[in-house]
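Trainee: Mapping of the sequence shown onto our numbering: residues 205 to 679, in sequence order.
Calculated directly from the structure, the hints in this document are not laboratory data.
Possibly wrong hints are sitting among the right ones.
Derived Cβ-Cβ restraints for the label pairs, each shown as a range [what the hints assert, rightly or not]: (1) D382 with T360: 23 to 29 angstroms; (2) Y459 with E413: 31 to 37 angstroms; (3) T581 with M205: 18 to 24 angstroms; (4) Q425 with K624: 20 to 26 angstroms; (5) S542 with S366: 51 to 57 angstroms; (6) Q506 with T486: 28 to 34 angstroms; (7) K669 with E227: 20 to 26 angstroms; (8) T486 with Q242: 42 to 48 angstroms; (9) Q396 with F446: 27 to 33 angstroms; (10) R563 with L448: 27 to 33 angstroms.
Just so it is clear, CB atoms sit at the ideal spot from N, CA and C, and this is done for glycine as well.
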Amino acid sequence: MRKQILIEKNVLSTQIAILQESEFISFYLETCIKSDKQNRIVVGQVEQVVKNLKAVFVNFGEEKNGLLHIKQVPECYQNKLSPGSRLPVQVVKQNSGEKGYKLTGKVNLMGRFLVCLPFETGINISKKIKEQEIREVLKQKLQCLSNGKYGFVVRTTAKNASESLLEKDALELIEKADAFMKAKDYLSKGSQLYEDPPLFMQIVREELEGAEKVEIICNQQSVLSAIQADIGEEDDEEHISFKLCNEIEGLFQVYDIEKKRTQLLNRKIWLKNGGNLVIDYTEAMTVIDVNSAKAILTKNPQKAVLDLNLLAVKESILQMLRRNLSGIIVIDLVEMPSQEDKQYIYEYAKELLNKWGDRRTKVYPLTDLGLLQFSRTKKYIGLPQQLFTSCIQCEAPYSENSLSYYMMELEKTIKDISEKTEHTAVFVEVAPIFYQFLLKNNCIEQLENAYNLQLQIERSTASSKKMFLCQFYQR
205 MRKQILIEKN
215 VLSTQIAILQ
225 ESEFISFYLE
235 TCIKSDKQNR
245 IVVGQVEQVV
255 KNLKAVFVNF
265 GEEKNGLLHI
275 KQVPECYQNK
285 LSPGSRLPVQ
295 VVKQNSGEKG
305 YKLTGKVNLM
315 GRFLVCLPFE
325 TGINISKKIK
335 EQEIREVLKQ
345 KLQCLSNGKY
355 GFVVRTTAKN
365 ASESLLEKDA
375 LELIEKADAF
385 MKAKDYLSKG
395 SQLYEDPPLF
405 MQIVREELEG
415 AEKVEIICNQ
425 QSVLSAIQAD
435 IGEEDDEEHI
445 SFKLCNEIEG
455 LFQVYDIEKK
465 RTQLLNRKIW
475 LKNGGNLVID
485 YTEAMTVIDV
495 NSAKAILTKN
505 PQKAVLDLNL
515 LAVKESILQM
525 LRRNLSGIIV
535 IDLVEMPSQE
545 DKQYIYEYAK
555 ELLNKWGDRR
565 TKVYPLTDLG
575 LLQFSRTKKY
585 IGLPQQLFTS
595 CIQCEAPYSE
605 NSLSYYMMEL
615 EKTIKDISEK
625 TEHTAVFVEV
635 APIFYQFLLK
645 NNCIEQLENA
655 YNLQLQIERS
665 TASSKKMFLC
675 QFYQR
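With the sequences and hints as input, model every part of the structure.
Mentor: Following this line, the structure appears as structure tokens:
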């Protein structure tokens, strides 16, 4: 299997696209806002002990307290759980809507091949590594390196790792664990003890697993160098290649996926036979409605409907992967009376998920009402949560562009001015709410330094619906 990982690193955001055999499969976004708190380890303070729930509520520096079950508390802290006591906690489930954070005290530090468990001592090896000889070698090696001080989980990717790469990963994790154990009891509430590496590094590590050949393409040499340092020279020689692509038109334009990328913001997606999908986000689930629209269904209607639904299922799954949707996703297909056709659709959906290597998604057989249902575990923040927000008027979820979306659009405009014109200064009139957002996140200074432009930002006083407007003047 041949994969390409496209990484477009900008000042205020990093965008990552995964191509499999030249087909655009998945997309990830990380902005400078740092809203993803998954796996972050911080110092928490117990606010309330709820004996009936066998849990405590912990203040760890966020607006909402997190829920920590007693069974997720390390033994050394079990007898210290009272209001005001402090302990390190890790976010295992992020705040969503009215739901608060879910925490664990049994923290883990993620490496490329290993996971370090600072409060445990055992060595657990992935069940997918079945060879007993390999299991014994891995276990002995880790026991020797850690001296029984920390526990480890050996991931499946360790099976094919060289001894030097495995040792490098283990020693780096032990160093992080030592620093963590030293600092955990002396920092104030909300202090950060650990966070995952940048998103692009996590994605690269995941995509290397199971791929025969991987090409990593980026618009910045510094990112490529960081990845090369992380994965080691041995892997580089085996099946990984690197390419710098800093063309003015942009990485996604060069690789001809820009149009598909911009479609990820659309509610309606057209199919090549004239049908379309309408994607709606709700608090409970994502609903995808399949419409025949301009599709011709008069000649052999049964086959035409089946073909339409097959196209719709493929595009729906691609949209699910590219938008990184999670939770419950329901596709309302065009009605098919044939049970054989329904079973065929179900098998086709399973085949696509397997082909594209999506292990987070489970598909269920069609219901009597013609609904194809998926459940997908959450990993990383989905595109709707980052680029959309609820309507102020009607409170419809994910129905308006977010300030993060406008921040990315502003950088795109500034970048175009810098690269395609000779202007040296830009006057930017912005809406009051966006003005505060830019100041809070230090966006102006970052843009000025990166693109060598003087930006004069002023709050708009007119009742314009535009979030920002750029005008230029010479120095």
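Trainee: Evaluate each hint against the coordinates.
Mentor: Hints, one by one, checked against the model:
Distance hint for D382 and T360: a CB-CB separation of about 26 angstroms, consistent with the stated range 23 to 29 angstroms. The hint said 31 to 37 angstroms for the Cβ distance between Y459 and E413, and at roughly 23 angstroms that hint is violated. Checked against the hint of 18 to 24 angstroms, the C-beta distance between T581 and M205 comes to roughly 23 angstroms, which is consistent with it. The hinted window of 20 to 26 angstroms between Q425 and K624 holds, with their beta carbons roughly 22 angstroms apart.
Remark: the range hint 51 to 57 angstroms for S542 to S366 is upheld by a beta-carbon distance near 53 angstroms. Checked against the hint of 28 to 34 angstroms, the pair Q506 and T486 passes, with Cβ atoms roughly 32 angstroms apart. Checked against the hint of 20 to 26 angstroms, the pair K669 and E227 fails, with Cβ atoms roughly 37 angstroms apart. Here the CB-CB span from T486 to Q242 is close to 23 angstroms, at odds with the stated 42 to 48 angstroms.
Between Q396 and F446 the CB atoms are about 31 angstroms apart, so this pair conforms to the stated range of 27 to 33 angstroms. Between R563 and L448 the C-beta distance comes to about 31 angstroms, which sits within the given range of 27 to 33 angstroms.
The earlier numbered hints that this structure contradicts are 2, 7 and 8.
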